[in-house]
Amino acid sequence: MRYSEMFLPTGREIPSDAEIVSHRLMIRAGMIRKLTSGIYSYLPLGFRVIKKVEQIVREEMNRAGAQEVFLPAVQPAELWQESGRWQQYGKELLRFRDRQDRECCLGPTHEEVITDLVRNDVKTYRQLPRNLYQIQTKFRDEVRPRFGIMRCKEFSMKDAYSFDVDEKGAEISYEKMFEAYSRIFSRCGLKFRAVEADTGNIGGSFSHEFMVMADTGEDALVFCSSCDYAANVEKAEVARPEKKAVDESAFSPLEEIHTPDVRTIEEVCAFLDVTPQDVVKTLIFLVDDSPVAVLVRGDEEINEAKLRSYLGCDSLELATDDIIYEVTDSPRGFAGPINIKSRIVADYSFVNMTNCVVGANKEDYHIKNANIGRDFKVTEFADLRLIKETDSCPRCESPLRFARGIEVGHVFKLGTKYSKAMKATYLDKDGKEKYMVMGCYGIGIGRTAAASIEQNYDDNGIIWPVSIAPFQVMITPVNIKDEALLTTAEKLYQGLMDKGIEVILDDRDERAGVKFNDADLIGIPLRITVGPKRLAEGKVEVKIRKSGEVEVLSVDEAEKFIVDWVQAELKADG
RNA sequence: CGGGGCGUAGCGCAGCCUGGUUAGCGCACCUGCCUUGGGAGCAGGGGGUCGGAGGUUCAAAUCCUCUCGCCCCGACCA
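Here the numbering used here is used: the first residue of the first sequence is 1, the next is one more, and so on.
Please note that the accuracy of each hint is not assured.
[To be verified] Below are the SDA-like pairs computed for lysine to any residue, each with C-alpha atoms no more than 20 Å apart in a straight line: (1) Lys138 x Thr199; (2) Lys388 x Ser225; (3) Lys533 x Glu569; (4) Lys388 x Thr137; (5) Lys91 x Val69; (6) Lys123 x Thr416; (7) Lys362 x Leu254; (8) Lys546 x Glu19; (9) Lys138 x Gly90; (10) Lys138 x Thr36; (11) Lys420 x Ser205.
These are computed hints drawn from the structure, not numbers from a lab.
Being a predicted model, the structure only gives us computed values, none of them experimental.
Construct all of the structure, not just a fragment, from the sequences and the given hints.
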């Protein structure tokens, strides 16, 4: 392409509403523009990157035996009612009515549609396994879109769905996708890790997230320093501590203490001169409309994802003051397990606590020397707390490392969650009707592109890996009014295009500095500078964006160098 | 949904507190000259419902009320 003919509005100013590097650079490089909150247009340069990512995804999905389909964005409510998610999904699901007053939604994901499709056309084990995927616009009405296209409402996602005859088959499908994903993100030039993850809204038994390592990532991750355990902190397990023998003779007598206006753990510790390890934190949650008291040691935090998963509930939120009053006969800040009017579940951190401080369920009072068994009963213990730096690996007990990441892909073992709800069955060899076993697999296309920028940039702009670069080469004649320079640049331009190289000829009547800065900003991997000094010797310069290395070559040598270099880079990523 | 901030030219901002010529600056844009290896210089020029509505006033970008939008923090969430 000739730069002079391109729609490529680059900018020098840093957009004031962009917080993270990828967002700023995508705006400045003329890749995207915001239409409204969480909704973006892709300009030609940005769209080329998207297409590159999509192509890599297609190639690897096809290689893994998946087949591409294209499902509707608008979906009828009935399907979602069948799966139960019409109620569960919450406000992120954009619902509306058509002119016949039928309830519809914009698809945030496509389990329902694909399951409906497959149940109608797959009847026998002979038609299984199958894996279908699509690359399509999803709509999720995010509470707070942010970071440009990193978390937006309308976005392009590759979603794949596998259908198998049994768990064993589903396991194989899952492994194939896991491998395909690893290849995809490697080819996109990303440094990533797969981590165990919570299954959230999608459900199912087990999942891995593919995380691009970046400090600006929204997810916190934990890794074992010696074994290969890696997990999202919202999923990370904490080992159950050994239950110590209880010595009831060491129990001190219960003591109710007046603690006016003392509510938080810090206030309790200061007032009673104890440590957070001595205090029981009692949190009241509203779980599918009934209250549940959750106990955790005072220095620990509840992990709501784990709690949600343990309780198997649709909705979970911290209780309002009204509910707290109902359950504890007191305002917020004085809840405790003794005589509380709700179900109690406790985190493992609570197992070995003795003579602890608890709320009295009475305004302005706490109780000292509370003991499980003697003073109250707890029958449910579970791993409910957030992992922290001082914890050790739940698998091998080695020290842990923490880091942040961007979730670019997520693979799920769904089991029969959707096939049961929506009666997706097949007949096995014995003529018996069985539920298909499903998996689903997503990749955020735009997010993958943005994540690449988070990992590859410098003060001057983006540094694309060749595999997803919008163009591979930029030719920069330093002065287009110099006939010799322009002629040489044109010759290179034609020659490289003939060899299948994607190239921009910067034929603008701009000063060299402007062109260099734009080339760096939009991150083209190679730049050929055609200038008078070198051309006098019949040479041009080829500069490698990522290393800054410069090769001085004749025109023919430059062509060959570039073709070879591009091939080598593509091979290295693949 | 709670807390905070911001809406003035394509972008980045000043002016508002303390109302008063024709609403400014930088970048970008157009014309001409000049210049051409890391965002040049000079001269001239175009572009504004000051987010919107209502109100106060002789007079509103400025004060008041309502409203819409955007951003950040939290809550929430693949």
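For each hint, the structure was consulted:
no. : hint            : result
1   : Lys138 x Thr199 : holds (18 Å)
2   : Lys388 x Ser225 : holds (14 Å)
3   : Lys533 x Glu569 : violated (30 Å)
4   : Lys388 x Thr137 : violated (37 Å)
5   : Lys91 x Val69   : violated (28 Å)
6   : Lys123 x Thr416 : holds (16 Å)
7   : Lys362 x Leu254 : holds (15 Å)
8   : Lys546 x Glu19  : violated (24 Å)
9   : Lys138 x Gly90  : holds (16 Å)
10  : Lys138 x Thr36  : holds (16 Å)
11  : Lys420 x Ser205 : holds (14 Å)
Of the numbered hints given earlier, the model fails hints 3, 4, 5 and 8; all others are met.
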